[in-house]
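2 protein chains.
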Amino acid sequence: MVDTATSMPTSGAAAPVGHGAPDEPIERVDTGPIDISGAVFDSEALGRQLLGTWAEIRSGARKLAANPDLHRIEGLSMAEHRERVLGQLHLLVADGQVNLSFPKELGGQDNHGGNIAAFEELVSADPSLQIKAGVQWGLFAAAILHLGTERAHKAFLPGAMSLEVPGAFAMTETGHGSDVASIGTTATYDEATDEFVIHTPFRGAWKDYLGNAALHGTAAVVFAQLITRGVNHGVHAFYVPIRTAEGFLPGVGGEDDGLKGGLNGIDNGRLHFDNVRVPRINLLNRYGDVSENGTYSSSIESPGRRFFTMLGTLVQGRVSLDGAATAASAIGLQIALTYGSERRQFTAGSDTDEEVLLDYQRHQRRLIPHLATTFAQTFAHDEFLVKFDAVFSGKADTDDDRQDLETLAAALKPLSTWHALDTLQEAREACGGSGFLAENRLVGLRADLDIYATFEGDNNVLLQLVAKRLLTDYSRKFVGAEPGVLARYVVEHVAERAYNGSGLRSLAQTIGDFGRVARSVGQLRETQVQRELLTDRVETMIAEIAGRLRDARHLSKADAAAVFNSQQNELIEVARAHGELLQWEAFTRAIAAADPNNVTVLTWLRDLFGLGLIEKHLAWYLMAGRLSPRRAQAVTAYIDRLIARLRPHALDLVKAYGYTDAHVRAPIATGAERARQDEARAYYAAARASGTAPLDEKQILADRKAAEKAARKAASPKKK
Amino acid sequence: MVDTATSMPTSGAAAPVGHGAPDEPIERVDTGPIDISGAVFDSEALGRQLLGTWAEIRSGARKLAANPDLHRIEGLSMAEHRERVLGQLHLLVADGQVNLSFPKELGGQDNHGGNIAAFEELVSADPSLQIKAGVQWGLFAAAILHLGTERAHKAFLPGAMSLEVPGAFAMTETGHGSDVASIGTTATYDEATDEFVIHTPFRGAWKDYLGNAALHGTAAVVFAQLITRGVNHGVHAFYVPIRTAEGFLPGVGGEDDGLKGGLNGIDNGRLHFDNVRVPRINLLNRYGDVSENGTYSSSIESPGRRFFTMLGTLVQGRVSLDGAATAASAIGLQIALTYGSERRQFTAGSDTDEEVLLDYQRHQRRLIPHLATTFAQTFAHDEFLVKFDAVFSGKADTDDDRQDLETLAAALKPLSTWHALDTLQEAREACGGSGFLAENRLVGLRADLDIYATFEGDNNVLLQLVAKRLLTDYSRKFVGAEPGVLARYVVEHVAERAYNGSGLRSLAQTIGDFGRVARSVGQLRETQVQRELLTDRVETMIAEIAGRLRDARHLSKADAAAVFNSQQNELIEVARAHGELLQWEAFTRAIAAADPNNVTVLTWLRDLFGLGLIEKHLAWYLMAGRLSPRRAQAVTAYIDRLIARLRPHALDLVKAYGYTDAHVRAPIATGAERARQDEARAYYAAARASGTAPLDEKQILADRKAAEKAARKAASPKKK
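Order-wise, the sequence lines are chains A and B. Under full-length UniProt numbering, think of the first position of the first sequence as 1, with each following residue one higher. Under full-length UniProt numbering, think of the first position of the second sequence as 1, with each following residue one higher.
Next comes chain A alone, as it looks inside the complex (with noise of 0.2 Å):
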């Protein structure tokens, strides 16, 4: 059992020790005690610093979704549900919290990163009130502030904000997701009413799974192909009205998605056009425009640019997911933490008490590992939510700031909610049966978390398009050299693996095969070590990838194509790498900011991490000669040595998130599974105690054989 006391630091507590002693002897067994000094940490200070750049704001968010009207409740039908979640959102619009990205004119706060920060604590409470405020606010609010000037600002946003007007974003089309720049949606501009006139021209072209769209909306922004004086402009965004009191407006139709696996709050609907007639001004105007006569006009001369740069101001739903996901992962953990360190199941070491689940290795296994890569993402989504806060404040906002936030987000977004897939997924297995009841929120959460695997961006599209910006960057170096030097770099860094990288080199080589396992470790731990490791992955599979696509360009459109496709798998392993990486460095810089309490506990965790990929890429390390057999075995003998140091703090750990039963609110993580055991335990206790409880049959037949062996040997004593 955790002694919570124990790991708080006592006053005057000595300085941590950081890696702790260097040639610690690290063994494939190793039966001793495990040390734990210099493991006292400050959960405090921890709780602090996992809050992050908006500490306040989601704190106070984090009260908002404590309040039980917001939860949500297990067992609605769908249509409840739907009409409970509608009436949240009117709670949140009396708290305010939801504004706070909106112009200080219009009664926001131009606060856009606390605004994310607090949205993202709504996960809590229910992921149906959360998605549905994104798309109330982050997507259809926030598409008439980025994508309008002040005309649409004015004439639109009060009523979206105010939630006087329901809205949906009406982007994806049955057809479409991903691939906006296709849909097939057209507003086509009408010179002699001076209106567009939106139209679907066939089914796939129905705007399909949006939120707001089979019940409550009564507007959207569509996004659809402008077409003035015969000439495609390429995707726009229209404030159209859809439906009243009474119904769609005349044109419009559309049809309900029905339940979904998931976020079944949330009216998911279709919609489609049937020559629509919107006023011109219902053009969202600030990329885009087209003049009484028909003329239309950018600021932004590339067409492709300026599909990204519209694209790119509805970053915020990427942004939120990363942190939501992350919010439910560290939720998920602490309910199979807590379970994990109170339920007991067969007798190990001991005649009498059975053992916590935690205590099996395996357990371990399944379940610190995920705690580590939590932080890790914690840690990279506050560096990622200052990054997005300083863009969309103005602070830092160039073109170059806008990609790289964007390819930010498209790296972090499918980590972190793959991620939470997973753990609540080990989550719930970890918990059995119990795991799996409603009541105990795994499944729920789960279920509601399942989505955004695939919305906002489909993470495998995602990656991709990291993926190019990696190549892209890597070809830039190579800007104006002759065809010889890239060819030249690509052979000597990749193609002979003939690495020649400083602090690699060694590990891989110059020490020898026949070191003990210890002095692996030793290097292994180096902050510089793992971070070479890590980066020097990234770069040389960018760089084999690009070796193999540089004859692309000379071929013909179909067959660059297929050469490209040919590197798709390795491409979006590459992105994945390179996510995974950022996300390393920001838990090491988040070392270096932590109270010296939390040095000690955070790097294990950190090492953790680190070593974790490597050892899921251990395969690459090994045929890349960046690791010895040796060396690599190594790494799962000091990632074994982790788990076991932070064993004893892991419910601590995840604790210092700060979430309280409010958030939790799984009984078998909020007192139920201890009562029992508590109560089981004693019960057997009083039971040995009376001398009245009945023998074992087992006991009584080793009894007799070991009578009868005592025996034998008195009978004859000549034998030894």
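Rather than coming from a laboratory, the hints here were simulated on the basis of the structure. Hints are not guaranteed to be accurate.
Each pair may be met inside one copy or between any two copies, as identical chains are not told apart.
As the list claims (entries may be wrong) - The list that follows gives simulated cross-link-like pairs (lysine-lysine, DSS-like), each with its CA atoms no further than 25 Å apart:
{"no.": "1", "residue 1": "K104", "residue 2": "K387"}
{"no.": "2", "residue 1": "K557", "residue 2": "K709"}
{"no.": "3", "residue 1": "K557", "residue 2": "K698"}
{"no.": "4", "residue 1": "K468", "residue 2": "K698"}
{"no.": "5", "residue 1": "K387", "residue 2": "K468"}
{"no.": "6", "residue 1": "K698", "residue 2": "K713"}
{"no.": "7", "residue 1": "K705", "residue 2": "K557"}
{"no.": "8", "residue 1": "K468", "residue 2": "K557"}
{"no.": "9", "residue 1": "K395", "residue 2": "K104"}
{"no.": "10", "residue 1": "K709", "residue 2": "K698"}
{"no.": "11", "residue 1": "K154", "residue 2": "K104"}
All values derive from a computational prediction rather than experimental measurement.
With the hints as your guide, set chain B onto chain A.
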């Protein structure tokens, strides 16, 4: 688009070419056409083989499962769903299939394998229906059959078989799942009244998660510690009436488990007993009995063996989950592969046509290896079912047979249930937003199958059982040998990595690292090489672990437990490797038994499965010196190649399972997506043909730039 016709064998088709030409060049980047000669296959013959040993019964069960009255209706409330499933159970009784396994004299057919085959197919109708039927006939009635003797068969089986008595299987307790031996419920014999007193001593000993317990069950088979004359003889089963139409019988209480993550058509609940009395003859007394005067007797002296024998009779749950999980995986893949073959997104190699999803390398990588694993599971499952039938029919029913069957169940059920979750999740994501809609079934199947990973034995606990068996078998090899023999074996085979196996040594070392990748591939696709690589890993890991454990027997109980615990993660991994090897062997035997027309494509699939396992554990093969780095690279290169080869056949291969639209029932996989795509493409083709389509701004700009460039060129003709 896959043309089904092309993959059917033409009459007089050439004999299959096996692995294809041996010296075919395999390079990382292969932009040439994929050679698919010899890849005809006979899907009818393949379908027959996939149906397995009880093909007719399985087909009959499919016909039954196609009945809309048995289908899940999405969106029912929990209460409605439970009621519907209860009604469906009565339809099953009318059909008769559910009683196949019972004795002929009681109206059954003594057909154990066929019964399971039929039962598995119910998963396509509704997993709730399947599992509730499993509770009634596979657990409740089966326990009466296998643990009871004639008196119980006569008294209790007819009602259980006819569903006149819906029954719960009251084994699991809130505080004890996989550790059944430690349950807290007691059954104390009272000589005075000739009754057993069933009692729940504390909250953790409540029976929990029991289907039929919350609402419908009127009796239960209750597992409890049998106590007579002051001695606890361990867990035995008792037939206990629990409820009438008026509610619980006196002394019986319970609770509804409420909403779960899935299977909400089943009324899972809790039961507790306050000194509930049942006649002595309600003890299911096949393996242990109590006489009127309270004397305990059993045909099995060892309490441990007795317990495992009793539990072993209930292995059919694990058997059937292995099959049902595999069937659900096939259906999920049919949905995703159909959608992936029809849905288009992004243009790549063409100006007008978007690519079909399954033409993207990543999409192939996400789905096709899952198909290979599903095939492996199907073949392994059929062998498993044959073994099960042999044991339960008495054809081969020694202690060893039963133990082998248990081990097989413990190895295969975890792999296939996890695989189903992975597959259904990947399929869901591969279908994007459409995959998240309940109507497309992937989310519902996944939610229902989630619990398969932890019920009927937690997957991790089961794999640990397998590992213990492997360790026992390993140590038997050295019974009687001097201690040095074992130590020397470990040193020679493992510790020094000086592997002396026949084929592997040459694979790793003799053939140098400087050959072409193609030569490595040539070796990797040899059946014998794959077998040795897979076998070697299992044997080496076990030998290593045994080496680390060998001194533990001299330690105290607590210290020995700690040493064992330090190997737990590795033990579970070796059990997984063992299970994977069993699947691979079954696949290989299935190729030998296949229609000659199908050998080529099945061999590709088997190679993909086998090399996929090797790729997953590539770091191990590298660290253990079994594969050189260059050779290891060939693994991934050949996998890429195999996937490209299989891509044109993937949809036909999954369709060979024979699931019809009535089983699949996902609109996106039964015509809706194809219709949408056809309509959209026709619309654009007509627009292009009409010449009235709007011009594209991008194209106008590109044309203008080209014209300007041409003009500049014309103006300064000197420049080359």
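Structure-based check of each hint:
no.	hint	result
1	K104 x K387	within (21 Å within a copy, 74 Å between copies)
2	K557 x K709	between (85 Å within a copy, 21 Å between copies)
3	K557 x K698	between (76 Å within a copy, 17 Å between copies)
4	K468 x K698	between (66 Å within a copy, 21 Å between copies)
5	K387 x K468	within (21 Å within a copy, 52 Å between copies)
6	K698 x K713	within (23 Å within a copy, 98 Å between copies)
7	K705 x K557	between (82 Å within a copy, 19 Å between copies)
8	K468 x K557	within (17 Å within a copy, 57 Å between copies)
9	K395 x K104	within (17 Å within a copy, 82 Å between copies)
10	K709 x K698	within (17 Å within a copy, 94 Å between copies)
11	K154 x K104	within (13 Å within a copy, 81 Å between copies)
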